[in-house]
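Chains A and B, in that order, give the protein sequences. One point on numbering: in this note's numbering, the residue at position 138 of the first sequence is 139, and numbering is uninterrupted. One point on numbering: in this note's numbering, the residue at position 120 of the second sequence is 121, and numbering is uninterrupted.
Incorrect hints may appear among the rest.
One copy or two, either will do: identical chains are not told apart, so a pair holds if it fits within one copy or between any two.
[Said to hold, decoys possible] Straight-line C-alpha distance at most 25 Å; calculated SDA-like pairs for lysine to any residue:
1. K188 x R156
2. K260 x R115
3. K154 x R115
4. K260 x T79
5. K189 x R108
If you are wondering where the hints come from, they were derived from the structure by calculation, not from laboratory data. It should be emphasised that the depicted structure is a prediction, and the values quoted were computed from it without experimental measurement.
Number of protein chains: 2
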Amino acid sequence: MIGIFDSGVGGMTVARAIETLCPGFPLIYLGDLARSPYGSKSPAMITEYSHRNTEFLLRQGAKLIVIACNSAASTASTFLHSHYAQTLIDVICPAVNQATEISKTGRIGIIGTRATINSGQYERRLRDVRPDCRVYSQACPLLVPLVEEGWLKRRETKMIVKQYLRPLRDKQIDTLILGCTHYPLLKKVIAPRIGRKVHIIDSSVAVAQHLKSLLEKDDQLRADLYDPETPSRFFVSDIPSPVHALAAAIFGRTVTLEKTDV
Amino acid sequence: MIGIFDSGVGGMTVARAIETLCPGFPLIYLGDLARSPYGSKSPAMITEYSHRNTEFLLRQGAKLIVIACNSAASTASTFLHSHYAQTLIDVICPAVNQATEISKTGRIGIIGTRATINSGQYERRLRDVRPDCRVYSQACPLLVPLVEEGWLKRRETKMIVKQYLRPLRDKQIDTLILGCTHYPLLKKVIAPRIGRKVHIIDSSVAVAQHLKSLLEKDDQLRADLYDPETPSRFFVSDIPSPVHALAAAIFGRTVTLEKTDV
Numbered sequence: 002m003i004g005i006f007d008s009g010v011g012g013m014t015v016a017r018a019i020e021t022l023c024p025g026f027p028l029i030y031l032g033d034l035a036r037s038p039y040g041s042k043s044p045a046m047i048t049e050y051s052h053r054n055t056e057f058l059l060r061q062g063a064k065l066i067v068i069a070c071n072s073a074a075s076t077a078s079t080f081l082h083s084h085y086a087q088t089l090i091d092v093i094c095p096a097v098n099q100a101t102e103i104s105k106t107g108r109i110g111i112i113g114t115r116a117t118i119n120s121g122q123y124e125r126r127l128r129d130v131r132p133d134c135r136v137y138s139q140a141c142p143l144l145v146p147l148v149e150e151g152w153l154k155r156r157e158t159k160m161i162v163k164q165y166l167r168p169l170r171d172k173q174i175d176t177l178i179l180g181c182t183h184y185p186l187l188k189k190v191i192a193p194r195i196g197r198k199v200h201i202i203d204s205s206v207a208v209a210q211h212l213k214s215l216l217e218k219d220d221q222l223r224a225d226l227y228d229p230e231t232p233s234r235f236f237v238s239d240i241p242s243p244v245h246a247l248a249a250a251i252f253g254r255t256v257t258l259e260k261t262d263v
Numbered sequence: 002m003i004g005i006f007d008s009g010v011g012g013m014t015v016a017r018a019i020e021t022l023c024p025g026f027p028l029i030y031l032g033d034l035a036r037s038p039y040g041s042k043s044p045a046m047i048t049e050y051s052h053r054n055t056e057f058l059l060r061q062g063a064k065l066i067v068i069a070c071n072s073a074a075s076t077a078s079t080f081l082h083s084h085y086a087q088t089l090i091d092v093i094c095p096a097v098n099q100a101t102e103i104s105k106t107g108r109i110g111i112i113g114t115r116a117t118i119n120s121g122q123y124e125r126r127l128r129d130v131r132p133d134c135r136v137y138s139q140a141c142p143l144l145v146p147l148v149e150e151g152w153l154k155r156r157e158t159k160m161i162v163k164q165y166l167r168p169l170r171d172k173q174i175d176t177l178i179l180g181c182t183h184y185p186l187l188k189k190v191i192a193p194r195i196g197r198k199v200h201i202i203d204s205s206v207a208v209a210q211h212l213k214s215l216l217e218k219d220d221q222l223r224a225d226l227y228d229p230e231t232p233s234r235f236f237v238s239d240i241p242s243p244v245h246a247l248a249a250a251i252f253g254r255t256v257t258l259e260k261t262d263v
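Please build the complete structure, drawing on both the sequences and the hints.
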């Protein structure tokens with residue numbers, strides 16, 4: 002099974018993209034709603050939670066782990082890569098690779114939670130792949146609460162998005178990475194405000210595309226994970242009342258959420 | 002010592018009010034930042050966390066517990082009152098008593114997190130004290146993130162507050178309870194938008210005033226808790242980078258935060 006974890010249900014954008022691009026590969030999802038959001042917590046705390054989530058998914062039989070949460074991937078992936086022999090994929094590298102390929106001017110913007118932006122991971126990895134690029138990043142801490150409220154088209158949301166994007170617009174970026182799994186839900190608000198000509202990279206889709214090409218190349222991995230008879234499972238560490246509706250909105254269909262302690 | 006817990010640093014508005022009104026009574030504060038916010042979590046989860054927080058404060062020597070978090074007081078205080086013989090005070094009752102005394106028309110509004118409003122605790126307790134009152138409540142889930150961002154005077158904040166308050170304004174309330182420890186920081190935005198004639202009850206100040214009168218009446222409690230030589234201590238279960246500035250802004254002076262596992 003393919004294990005996926007996120008601090009909440011935002012990572013279901015990743016699960017949904019993987020289900021669409023890689024049918025027949027059962028998923029095991031964990032949303033750590035008892036401790037969400039991660040984006041406002043310290044790196045040490047996020048690393049500890051990510052460690053627990055990975056252990057949970059391995060116990061459940063995951064053979065590959067996808068870190069769907071940008072905050073976790075930014076602050077904990079070095080620790081996780083060094084502690085686990087299993088193949089571990091995070092949402093950052095595929096988005097970084099796409100951005101460096103697509104950008105013509107090398108002026109790349111990133112938006113994310115405070116934890117993601119403060120980690121500097123996107124900037125570091127972008128410069129590793131393409132040393133000449135100029136990277137501009139902007140923390141947007143209010144966007145996750147706005148998405149979770151379902152305020153996707155409200156005037157206030159548009160104003161807040163415009164304010165957050167202004168510094169990136171001023172820097173004339175030609176490519177913008179949505180460095181948080183919640184942000185694709187605001188893509189229609191973001192696109193006109195950053196400028197129609199700016200390429201938008203959705204880290205959720207990028208990681209699913211990367212996984213698809215990995216499965217196409219690696220026969221052993223494909224054989225280990227392909228199992229169209231086994232259904233996907235969705236675990237959460239807490240079930241607050243609005244979560245079913247939010248999960249259905251993000252995943253595009255009703256999903257059965259199973260409560261678990263992590 | 003007087004134990005105080007909250008999901009984060011918002012409860013420091015309560016600690017500050019107690020320090021001002023009850024000098025010489027050392028405080029032991031716990032902000033559960035590793036799991037904050039509570040307002041979006043399930044009642045079962047909030048109860049479990051509140052239980053742990055209470056145990057921590059008792060182990061540290063607290064003789065009286067103040068539940069500073071409205072979300073915890075709304076969903077967990079019944080459990081806590083039934084499990085602990087210690088005197089337990091929560092932020093709800095004092096605000097309820099003040100509101101029912103002050104209101105002339107009996108039309109009382111409450112704003113709070115989703116957990117607080119969904120619990121129906123304020124409504125129930127208001128009707129217990131004054132059966133003829135009409136209670137109107139409104140969940141305002143975006144206000145905590147806005148306060149934590151420091152967006153106290155921004156245009157977007159004013160617009161969002163106005164939207165949240167409109168239904169309460171339409172109901173012509175004459176008294177509004179700020180049912181979340183973060184909201185006093187928005188009092189200047191809230192007051193003109195709900196109407197200058199509406200009495201605003203700050204649950205943080207109300208609980209401190211209640212505690213003061215309790216200490217004046219109960220000589221034994223006063224003797225147990227008065228200890229001007231012992232300094233107050235402030236514990237948090239996580240220390241994300243912006244917390245020091247936020248704590249200082251809320252508390253009105255620099256406080257030393259000690260990291261602890263709960």
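Honestly, which of those hints from before does the structure not fit?
none
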